[in-house]
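Protein sequences appear in the order of chains Z and D. Numbered per our numbering, the first sequence spans residues 1465 to 1740. Numbered per our numbering, the second sequence spans residues 3 to 313.
Rather than coming from a laboratory, the hints here were simulated on the basis of the structure. Among the hints, erroneous ones may be present.
Here are some, though not all, of the chain Z residues that point toward chain D, as calculated from beta-carbon distances under 10 Å [unchecked claim]: (1) 1478; (2) 1536; (3) 1645; (4) 1671; (5) 1711.
Okay, derived cross-link-like pairs now, DMTMM-like style, lysine to aspartate or glutamate, Cα gap no bigger than 20 Å in a straight line [claimed, not checked]: (6) 164/D / 1629/Z; (7) 159/D / 1629/Z; (8) 1647/Z / 1629/Z; (9) 1647/Z / 29/D.
All values derive from a computational prediction rather than experimental measurement. Glycine included, C-beta positions come from ideal geometry on N, C-alpha and C.
Here is what each chain is made of, one letter per residue.
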Amino acid sequence: MSLRARQRSGWSAAFVLIAVCSLVPVVWIVMLSLKTPATATDGSFIPHHWTLSNYKDIFKEGIFTSALRNSIGIGLISTALAVLLASMAAYAIARLDFPGKRAILAVSLAVVMFPQISLVGPLYNLWRQIGLYDTWPGLIIPYMTFALPLSIYVLSSFFREIPWELEQAAQVDGATPFQAFRKVIAPLAMPGIVTTFIIVFMICWNDFVFAISLTSTTNAETVPAAIAQFPGASQFTQPIGDIAAAAVVVTVPVMLLVLLFQRRIVAGLTAGAVKG
Amino acid sequence: MSTGAVAAPDDVARPRRKRLSDRARAERRLAAMLVAPAAIVMIAVTAYPVVETLILSLQRADLRFPSANKFVGLDNYSAVLKAPVWWQDVGHTLIISVIAVSFQFVLGMLLALAMHRTLVARGLLRSIALVPYGIVAVVSAYSWDYAWGLDSGWIPKLLGLKSDPLSHPFGTYTAIIITEIWKNTPFMALLLLAGLALVSDELHEAAKVDGASAWQRFWRITVPLMKPAILVALLFRTLDEVRIFDVIYIFNQGANGTESISMLNYSTLLDRLNLGLGSAVSVLLFVLVAIIAFIFLKGFGAAAAPGGERA
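In isolation and in its complexed conformation, chain Z is listed as follows (with noise of 0.2 Å):
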C-alpha cells in the first residue's frame, strides 16, 4: 500500500513536470497574443493589460484570413490525395504478392530521406515556368508526394493487421479482388485510414520549407509562411502580437487534433516505426 502510494505520487510529479515542460512555451505565446501592443515587450510573462485586439487586426487583414483558407485547402486536398494513393500501394505491399515490393519501400526511404530544400530550387524554377509557382497544386504536389513514404509506411503496418480469412472468404463468394477491397477491406481499413490521414494533415499544416519558397502571395500563401511574412510597423520591428495572435490561432486545430486522437497519433507512428 505504501509502495503503491509512493509510486502514484513520484509519477504525479513526473506528470507535473513532463506537463510544464510541454505547456509552457503554449502558455508563453497565448499570453503574448493576449498583450496590448505598448506592453509586448515587457517581458512578464502573465499580461498586464489583457486585450483581444491582436486577434481583431488578423482578422481584420486580408493577408491572415486567405492563409487560414490556403492552409486548411490545401492541407485537406494534399492529405486527402497522399492517403488515397497511399491506401491503394499499401494494400498492394501488405496483401498481394508482386515483385519490385522491395523497390518501392526503398523508393519511398530515398524519397523520406532526401533533404527537401534541395528540390526547392528546381521546383521553384519549373513551377514558374509552367504556372504552378504561387498556387494551390503548386504546394499540393510536393506535400502530397514528401506525406506518401510515411504513409504507406503507417499504412501497410494497419493493413497486415486485417483479418485476411474474411477477404478470401469475399473471394470465394465470387468477388473479384478489386470487390474484394473495396467492400470487405476498405471498412476494416478504416481506422489506419484515418490515423493517417490526421498525421499526414498534421505535416502538412507544419510545413514551412515549400510554403515560403513555392509561393509569394495571398494567392497561395499559408499560414506558416504568411506569419513570417506579417508586416511590422517599421522595417526593423516585427509585430508581435500579431504574430503571436496567428500563432495561436494557427496551433489550435492541431490541439484539438492531438487531444481527440491522441490514442490513434501515437498507435499509427508507433506502428510505423516497428515496421519501419
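Starting from the known structure of chain Z, fit chain D onto it as the hints suggest.
This is chain D only, laid out in the frame that chain Z set:
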C-alpha cells in the same frame, strides 16, 4: 519491412494459389495498378528536380545573368568545398545535430518510459506530451524566439540576464537547440515507445525474481531488445536535424554563426539566385545525409541485427 517477413505468415495460404497461375497473374496486375500511382508520383516529383539539380550543379547558372550560362564541370563543387562558409556551416549543423539529438534521445527515453509505465493519467500524459510534436514548427520557433529576446521575453528576466542572449553565438545556439529539443523530443519518445512495447513483462518479472535491479533490467533487457527501435529513432531524428531550417530562419536567418547547410542552400538558391552553386550545395547536402544514413545502418545496424544478444 523486408519482404521475407511480410510473406512468411501468408505462406500457409499461398500454395493453393501458386498453382492457379491465372490467379497469380491477376494478382500481379492488380498490385501493379495499385502501386503505380504512388510510385509514379514519388518518382516523377523527386526525379525531375534531382536530375535538374545534378545538371545545374555542373553549370554556371545564375538567374541574374542568364546569358552567361555554360557548362563548367566540377567547378561549382570545388568552389563550394574551398569556401570557408561551407565548412563553417557543416560545423554549425553538426554541433546543433549532435547536441540536440543527444538530449532528445535521453529525454525521449525518459518520456517514453513515463508514457509506457505511468500509473497516473496515462492518456492525458500522452496527449500533453504530444503537444510539442503537433505544434507548427514556425509557431514553436516564434514562441522560443520571443521568450529569449531581451526586450520581450521571460527567460532573460528569469535568469537575470543583462545583455541580449540572442546577440551572441552561445546564447543563440542554446536557444535554437532548446527549441529543437522541446519540439522533437516527443517524436523521439514515440519511436522509442514502439520499441518499449515489444519488451515483454515476463522477462522483467523473471529478471526481478533473479534479483536484477531496475537499472540492470533496463540495460540488460530493455535496451538490447529495443536496439532496432533505437536505431530507427536516432536515424530519423539525426537526418531531420541535419536538414534544420525553419527554426534558424525564424530566429535570425543564420546570424551569430548559426547558419546551417539548409540555410546556406536556401540563400544561395532563392536569395542570390545562383542555381549552379546552390545546386552543388544541394548535392553535397544530400551526400552528407546519405553518408550519415549509411554509417547508422552499417554501424548500428550490425549491432542491432542479431536482435539482442540475449534474446
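Against the structure, the hints come out as follows:
no., hint, verdict
1, 1478, "holds (5 Å)"
2, 1536, "violated (13 Å)"
3, 1645, "holds (8 Å)"
4, 1671, "holds (9 Å)"
5, 1711, "holds (4 Å)"
6, 164/D / 1629/Z, "violated (70 Å)"
7, 159/D / 1629/Z, "violated (64 Å)"
8, 1647/Z / 1629/Z, "holds (14 Å)"
9, 1647/Z / 29/D, "holds (17 Å)"
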